[in-house]
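Numbering of the sequence shown is given in the working numbering, commencing with residue -9 and proceeding in unit increments.
Think of the hints as simulated: they come from the structure by calculation, not from any bench.
Please note that the accuracy of each hint is not assured.
[To be verified] Just the calculated beta-carbon pair ranges, DEER-fashion: (1) A5 / D30: 32 to 40 Å; (2) K3 / Q33: 44 to 52 Å; (3) R11 / L32: 28 to 36 Å.
Just so it is clear, CB atoms sit at the ideal spot from N, CA and C, and this is done for glycine as well.
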Amino acid sequence: MLYSNTHSWPIEKTASFIIKRLLVRRLFQSLFVYALQVLDTLQ
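All chains should be modelled from the sequences, with the hints used to inform the complete structure.
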């Protein structure tokens, strides 16, 4: 993200991959919690 030559750094590539995985997992968890709250209000 900060560097322009991240393709030459496998460590930074794996770190960015792990960070993206964690962000996607957190996003899906928040969407799941939001869906549960909407279902609770609909009932």
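Status of each hint after checking the structure:
1. A5 / D30: 32 to 40 Å: 38 Å, holds
2. K3 / Q33: 44 to 52 Å: The hint (44 to 52 Å, Cβ to Cβ) holds, given that K3 and Q33 are roughly 46 Å apart.
3. R11 / L32: 28 to 36 Å: 32 Å, holds
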